[in-house]
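These are the residues of each chain, in order.
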Amino acid sequence: MDVWKADVAIVGAGGAGLRAAIAAAESDPSLKIALVSKVYPMRSHTVAAEGGSAGVVQAHDSLEHHFHDTVAGGDWLCEQDVVEDFVARSTEEMVQLEHWGCPWSRKADGHINVRAFGGMKIERTWFAADKTGFHMLHTLFQTSIKYPSIRRFDEHFCLDLVVEDGRVQGVVVVDIASRRFTLIQANAVILATGGAGRVFRENTNGGIVTGDGMALAYRHGVPLRDMEFVQYHPTCMPGTGLLFTEACRGEGGFLLNRDGYRYLQDYGLGPAEPTPRNKAMELGPRDRLSQAFWYEQQKGRTIDGPHGAVVHLDLRHLGEAKLRERLPQIYELAEEFLGVDPAKTPIPVRPAVHYTMGGILVDGRCAAPLPGLYAAGECSSVGIHGANRLGSNSLAELCVFGKTAGVEAAAFAKSVAHGRADVLLKQAGASQQRALALVTDTSGTERIATLRKEMAQSMEDGCGIYRQADTMQATCDKLAELRERYRRVRVEDTSSVWNTEWLLAIELGYQLEVAQAMAWSALERRESRGAHQRLDGYGERDDVNFLRHSLAYHAGADAPRIGYGDVKITRSAPGTRAYGAAGEQAEKAEQERAAQPGPAGEAHRG
Amino acid sequence: MADTSDTGKRMRIEVLRYRPEQDAEPFLQGYDVPYSDDMSVLQGLQYIKDWLDGTLSFRWSCRMAICGSCGMMIDGEPRLACKTFLRDFPAGSVRVEALAHFPIERDLVIRMDDFLAKLESIKPYIIPKEARSLAQGEYLQTPAELDVYEQFSSCINCLLCYAACPQYGLNPDFVGPGIMALLHRYNADSRDGGASARMEVAGSEAGVFNCTAVGYCSEVCPKHVDPANAVNQNKTRAAGDYFLRLVTGKGGAK
Amino acid sequence: MNTPDPRRPYVRPMAGWWRRNPFFVEYMVHEATALFVAAYALVLLVGLLRLAQGEAAWNGWLDALRSPVALVFHVVLLAAFVYHCWTWFRIMPKTMPPLVIRGKRVAPGVITACGVAATVVCSLVVLVVAWGATR
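Protein chains in written order, with the working numbering: chain A, 48 to 653; chain B, 73 to 326; chain C, 150 to 284.
Hints are computed from structural coordinates only; laboratory data are not their basis.
The beta-carbon is built from N, C-alpha and C at its ideal position, and this holds for glycine as well.
Certain hints may be false.
[Unchecked claim] Estimated spans, in silico, between C-beta atoms of each pair:
| # | chain 1 | residue 1 | chain 2 | residue 2 | range |
| --- | --- | --- | --- | --- | --- |
| 1 | B | Gly-321 | A | Leu-110 | 55 to 65 Å |
| 2 | C | Arg-168 | B | Pro-162 | 49 to 59 Å |
| 3 | A | Gly-366 | C | Val-221 | 49 to 59 Å |
| 4 | A | Leu-110 | B | Pro-162 | 50 to 60 Å |
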């Protein structure tokens, strides 16, 4: 095994990993930074983000508004001190990207433009047409090339963390092209590996989104927080799950049921107006919109399609010129994948799994409870999304907390000395052997695809938009069975050059454990909040018992142990989460109440 | 995986296989894949990998033509497998090979470190024309100024243009269409002042004059980047720089 | 210990590359038609030479041009010229900076059409002048 000595090792080179690498390199150019990615950085799934990235910029907007939108959007399961930090720094990060060359869409006067997004009171979503993630990722990647201290390990797969003396001291990686192993010795490790949406059947995620970093940290005793909160994005392509950005609605698109009726007005999101009103109708938050779809389907008011029920995303009234300018990628996706001209015909859409709100437990400095370990981006749970993420907060998160993780990890790395390589090598060698056992043991009988398919179907059945104890329990049981069968997984390919079947088997191992954390966290949360909605008598939010973060702890071959942690509340006491006209009324009442002298609002239930 | 159980239609997918530890040279292997009309070539390959032959290797990720991973030769043309559909091969068979002009690492996986090295050589980042602090806010850039470089910034690095460029195939030192598009993207950005450094690459032995205006690169580009345009605009500029140097007797790619 | 590098990248040969794709065949035809342009330049050059050699030589050259073989040759040349001209203007939009008129980019098709139109006009002017001069 080769050894490469770094100060900071970063696993994952999407938006968060790249931002962290740049931040670490800028904080001290003498530090050696290893940037590991199982794909070339520009393939990372940040690339697929479409709509935009939040940062307060308009004169009539405020950090306070962004804070409240985020906290209420997350159904008060947010770490409010972290949200305060987030909204305070996101605009600066967007400007930083602008200085690095990101081609933000502009107003006629040359200033950057912003668009409306779901659950946001005032337009604050920076965008680069409908390819915002793509442009942010390429900007960050190309900018990272400027820093000679960043050594990339492209197409290297991370097999394990090396933990010694109670702290992380490196990672074990394998070169996909040659199957050569390297121990990257590092005093600080940042995980930035993205989400885990591929554990579900119909999802918007790329094939690489398999929860690798979550599983790595989890196996080493770091809890995964709030894993039951999985976001269904309301407007996705039937069958493939490909995303039609929320910006479709931000620009004025409608959602119609089979009668051509804007059904969201029946779900507390009205009134239905011809132009988008922020935080109303189609600009409600994603959880509410996906839930409304579910009810429409129950009522038989959806449209039958070859891949299940759909509703219509109607963009016709926006006209071809505006669609080509603001939503060019959406236009092409509809034309090429569905044969639909969105200027002439509504696009059939249905909800699909999009985002993992939970993740590796970290504090506001992106530090995990395991010394030396940091995490940023979708794989982490820094606490800003709570029970439901608002659209355009995740791209901003990559930058804000990517930077935090880079700076903090660099500082930590300088405060400790490298451990003894021989001790670490022994551990790394054991990891290598475990991984290689998948190809050397040819007695396996279980097909990877069969296990993966059963897992994904079971997650959809048990942990979908609406949940109940019996189906969640069935999913938990199924996952236990699959983990047991996984021990007999068969890898046909024994070669050492570009053996992707071997990697799929390792990824499946990661996925099964992350899925278990999701399913058990969901089963144990006996209330409804944000993206976690139950039908079995726990249909209401229960702040008395569950205004708490869930924490899933790895328990070997057994089901995870679920514990709970406190929620940090600074300025916003849990209130009623309302949108549309009801939301405006509630806001007015809240303002009046806040104007009265006396203790800050008491916790509501609802 | 697309639901393929009910259509009864089957597609013959011929794949160029190459496993360096077993095969002296590449060979075609055929698979019969059930398909429906909305299935992409990528989904066909995934079906093979999942259910017929786990040893077939290929790159893919986003499935929506933005990550740039799944460039392949499909019936001899450079295409993204994710947005090429099986329904468009009515004869019932399709041939899939690794991207032309690149060394085959294995099966449909090409070796692309050459592209990365070239990308690193062109300083693909803003070299500010004038310094500006974050507190001063964004640089102003009008929609017209954005329009000048925006298309070139849309390159997804899928390498289809390289597979379409015979000059790159004949001389792999040529920087090639995609890199020239990115080089031009920065040179044409109103915020950038680093053009002269980059023009050294454009005007070099490996630079734009390797291009003979075949134009196929722009035809196959899935993102309408028009890399041929970037190359040819820089021929004019590089020639101008050359004559300016002759006249002034010094480097002058300003 | 790591094993030696098992990679053995396979480089495919380029021989016969232009036959692999209809686009490349077309490109080669375009390039080949340039030879016809060169050939016609040679014909004219010979004419110039003949002119310098005196009237008899010049008339001999003119007679040679009137032979059936020369006529067929010129028809072929004309066809090659038209093809070269058309394909040349077709690639032209790709070779120039964006042309913006009244805030809108001029479409590639328009640029090609303008090029072709300019060629037609120039050719007509030459024809008319030549016709007028020889009357």
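Going down the list of hints, with the structure as the test:
1. B:Gly-321 to A:Leu-110: 55 to 65 Å: 57 Å, holds
2. C:Arg-168 to B:Pro-162: 49 to 59 Å: 25 Å, violated
3. A:Gly-366 to C:Val-221: 49 to 59 Å: Hint holds: Cβ distance 56 Å, inside 49 to 59 Å.
4. A:Leu-110 to B:Pro-162: 50 to 60 Å: 58 Å, holds
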